[in-house]
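Q: All chains should be built: construct the whole structure from the sequences, respecting the hints.
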Amino acid sequence: MPTHVAVIHYSATGNVFHLASAIADGASDEGAEVRLRKVAETAPEETIARNPRWVAHRAAVAEVPDATLDDLDWADGFAFGSPTRFGLPAAQLKQFLDQTGALWAQGRLQDKVGTAFTTASTTHGGLETTIVAINNVLYHWGAIVLPLGYTDPAIKATGNPYGATWVSRKGSEPDADALAAARHQGRRLARVATALRTIRDDHT
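If you're matching positions, the sequence shown starts at 1 in the numbering used here and goes up one per residue.
Since the hints were made in silico from the structure, they are not lab data.
One or more hints might be untrue.
As the list claims (entries may be wrong) - The calculated label-pair distances, taken between Cβ atoms and stated as ranges, are:
| # | residue 1 | residue 2 | range |
| --- | --- | --- | --- |
| 1 | G107 | E46 | 22 to 32 Å |
| 2 | G149 | E46 | 41 to 51 Å |
| 3 | A56 | G31 | 13 to 23 Å |
| 4 | R200 | T122 | 20 to 30 Å |
| 5 | A62 | I199 | 36 to 46 Å |
| 6 | T129 | R169 | 13 to 23 Å |
| 7 | E46 | G171 | 20 to 30 Å |
| 8 | E63 | D29 | 15 to 25 Å |
These numbers come from a predicted model, not from an experiment.
The C-beta atom is built at its ideal place from N, Cα and C for all residues, glycine as well.
A: Right, here's the structure in full:
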């Protein structure tokens, strides 16, 4: 049975979605079965309507399924992505994570592996703190937190060992280096998730 990887993200204008797609591709390259999922939008319609890129991205990903708790239960490993909002993940992703109490209480998320990724509009706009904030949830679940580290030349180009990131200056989309780092993060996630699943299977 292939390793199961869930890539769950929130993206308003598309940058996080591009990283999520690259992570999903990397996990698939390692033979994992991947679910690419977006969390439900909760922003007011009038707020979305004021931003043409937000409107366009929502239409572009209309066919991407919304994440459910079953995706977490199913997964051996998960990647969570969000744009940074004042150094924290967006409320949309946090709202989804806040629903995981029952799975946590049943021990359904422990000993799985998780990793995080993000984007911001400025270099010092909270990239690392957003990833660490997402990882705080993994600590409580008893999941294994997977950093990106300097484990591939692509990370040396982007310079961020926390997870795949992109600084979107003037609305720019992730470049080749950022996408390469994200694909490596997906491959690394799939490999470690496979190893941990073997250990879990040996103890059940």
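Q: Could you check the structure against the hints above and give me the numbers of any it violates, in ascending order?
A: 1, 3, 4
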